[in-house]
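Chemist: Assemble the whole structure, with the sequences as input and the hints as a guide.
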Amino acid sequence: MSVQDRSAEDLATAAGGAPVPTDVFVLERATVRYPGASGPALEGASFRVRTGECVALVGPNGAGKTTALRALLGLTPLVSGRAEVLGRPSAGWAREALAREVGVVAQREEPVFPITVLEAVEMGRYAHAGPWRALDTRDRDAVARAMARADVAALEDRWVETLSGGEWQRVRVARALAQEPRALVLDEPTASLDLSHEMQLFELIADLVRHDRLAALIVSHHLNVAARFADRLVVVAGGRVVADAAPDVVLEAARMSEVFAWPVAVQRLGDGAVQLYPERQPLSSIPGEPTR
Amino acid sequence: MRRLPTGTFVLLLAVAWLAAALIGLVSGGARLGLGDLLQALGGRGDETARGIVWSVRLPRVALGFLVGGVLAVAGAALQALVRNPLADPYLLGLSGGSGLGAVLAIALGLESAWALPAAAFIGSLVAIAVVYRLALVAGSTLDSRILLLAGVVVGAFAGALVSGILAVAEATGVRSAMLWLMGGLGGVGWAGVAALAAYAAPGLAVLARESRALNLLSLGEEPARYLGTDVGRSKRRVYIAASLLTAAAVASSGIIGFVGLAVPHAVRILRGHDHRGLLPSAFVLGGAFLVVADAVARTVVAPIELPVGVITALVGVPLFAVLLRRSVRRAAA
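Chains as they are written, first to last, in this note's numbering: chain A, 1 to 292; chain B, 1 to 333.
Treat the hints loosely; a few may be bogus.
Stated by the list, open to error - Keeping only pairs whose Cα atoms sit at most 25 Å apart, straight-line, the calculated DMTMM-like set for lysine to aspartate or glutamate is:
#1 B/235 / A/96
#2 B/235 / B/222
#3 B/235 / A/101
#4 B/235 / A/119
#5 B/235 / A/110
#6 B/235 / B/221
#7 B/235 / A/109
In case anyone wonders, no lab produced these hints; they're calculated from the structure.
Computed from a predicted model, the values in this text were never measured in an experiment.
Modeler: Structure representation (structure tokens):
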């Protein structure tokens with residue numbers, strides 16, 4: 001946590017009460033239309049993410065997940081509705097100010113020049129240090145804390161191009177933490193990771209949400225992992241939010257079969273978590289899917 | 001790939017700079033020993049020697065330091081901006097655009113040391129805008145390989161237009177324009193050095209300010225934005241500053257290629273990719289490189305003087321080939 005003023009939540013905590021969750025991301029009746037597209041990419045979509053909460057944004061390809069993310073981060077203009085970060089319109093944030101509140105781990109990133117892990121994480125301090133100032137002890141502390149938190153301190157001197165996929169993702173989370181944000185946004189963070197690295201990353205995010213009370217918004221195709229970790233699943237389909245609730249409420253066979261246009265079954269595990277199982281079915285029986 | 005410690009590296013830069021200055025000052029048609037040189041620099045000794053040192057060799061060496069430094073800094077910044085270590089003001093068409101602007105100015109009779117850089121600046125801005133548009137045609141996201149291809153094509157087009165203008169222009173001035181375009185540091189004098197310094201200073205200041213943003217931009221535009229860079233603003237500033245630097249260099253000494261490719265590459269190997277250190281180091285080393293290249297161009301087939309661009313190309317093109325092979329192999333892996 002940085003020493004910046006942390007508004008309502010801190011005041012409540014200081015007064016001895018339980019922390020009051022703050023709305024970090026708010027999307028309300030948001031509609032986005034890309035020029036030249038036949039229909040809206042996002043239509044009347046609403047959901048919010050609070051501090052201390054992990055929300056997973058799921059849905060089929062092209063459903064509008066990325067558009068929702070871009071709208072929340074102020075990168076895509078809305079036709080109507082509102083998109084806000086910490087009570088301010090997303091489009092009104094300067095990138096530097098936004099980077100001090102929100103750390104984003106984007107889907108793709110390929111450094112063109114070789115850099116070390118430490119250099120990569122130090123780049124998280126740009127929004128605090130600005131163009132001129134050299135990193136001071138406060139910056140170095142933040143970098144060291146972030147690296148310890150994401151368990152990459154031992155990798156400090158490694159070249160990032162020599163890291164495994166799982167290590168590189170943890171380095172990027174460390175860099176986002178070095179920004180000392182209130183929220184993390186992760187776009188398909190485990191798309192290319194094996195089972196154990198995927199679980200490690202989600203455990204790390206869950207821990208950051210529980211203990212550091214960060215807000216986390218994760219876009220993921222991995223429904224079952226998302227369901228085990230997220231407090232809420234927001235399901236987007238055809239540009240609309242079709243469900244927004246706890247995973248065991250959202251993962252309902254009929255609804256998910258319709259959203260993904262494939263028959264699925266639902267099963268409850270011993271610990272109460274609900275998991276989704278796709279059924280087998282011959283390709284010719286898919287309704288409305290013309291053969292190419 | 002270990003990097004040099006800071007102390008060693010600064011010492012190396014200082015030695016390279018001093019050695020280049022000495023080599024630049026002692027080479028030339030008139031034979032001057034080290035003793036004559038030092039006397040002349042101190043304002044003593046033979047009057048002819050003083051004249052040669054103060055009004056011929058010193059301005060030439062100063063110009064070499066500035067032109068080489070400015071081109072190397074522009075190249076280093078462009079490499080981060082377009083995310084391609086093969087970028088350089090020459091290969092991106094900026095030099096060609098500057099040359100075209102300057103030749104148009106000469107054809108219109110605007111030949112002062114102060115008007116030429118302005119005309120060259122306009123030419124280089126037009127060139128980079130066209131290159132950028134061409135590269136965007138392939139898709140909404142910029143492909144840096146297509147950008148480089150577009151740069152080479154626009155550079156070739158500018159060169160063709162220059163040939164056309166020179167063919168129809170008045171005979172006087174054409175020969176000097178052709179000689180100047182071939183690239184050379186001779187016959188410029190202190191006025192040219194002053195004009196170059198004045199035009200280059202704002203460009204260098206802007207790039208220094210953007211050097212941390214360049215670190216982020218070399219990760220990609222999306223991560224750079226999320227880490228707090230105003231990507232659009234930074235890109236505009238870097239393009240304009242690099243265009244200004246290239247224009248100032250071309251206006252004073254013609255088209256000299258590959259300095260902006262070779263020198264930043266050497267610094268990247270020795271000291272890594274933090275642009276806050278890379279840009280000033282490239283400035284010092286780029287200057288030293290061009291001064292030495294100029295000394296070689298003057299002496300290797302004396303009394304004939306080679307265009308200095310021949311020497312920089314002899315160093316730069318093989319390096320380009322090696323880098324190209326490596327990047328292709330990397331992409332295949």
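Chemist: All the hints need checking, so say for each whether the structure fits it.
Modeler: Quick rundown of the hints versus the structure:
Of the pairs offered as hints, the one joining residue 235 of chain B and residue 96 of chain A holds, with about 16 Å between alpha carbons and a cut-off of 25 Å not exceeded. For the suggested pair residue 235 of chain B and residue 222 of chain B, the alpha carbons sit about 13 Å apart, so the restraint of at most 25 Å is met. Distance check on the hinted pair: residue 235 of chain B and residue 101 of chain A sit about 24 Å apart at the alpha-carbon level, within 25 Å; holds. As the CA atoms of residue 235 of chain B and residue 119 of chain A are separated by approximately 22 Å, the hinted pair is consistent with the 25 Å bound.
Between residue 235 of chain B and residue 110 of chain A the CA atoms are separated by roughly 18 Å; this keeps the pair inside 25 Å, and the hint holds. This hinted pair checks out: residue 235 of chain B and residue 221 of chain B have alpha carbons roughly 10 Å apart, not beyond 25 Å. For the given pair, residue 235 of chain B sits about 18 Å from residue 109 of chain A by alpha-carbon distance, which is consistent with the 25 Å threshold.
The structure agrees with every numbered hint stated previously.
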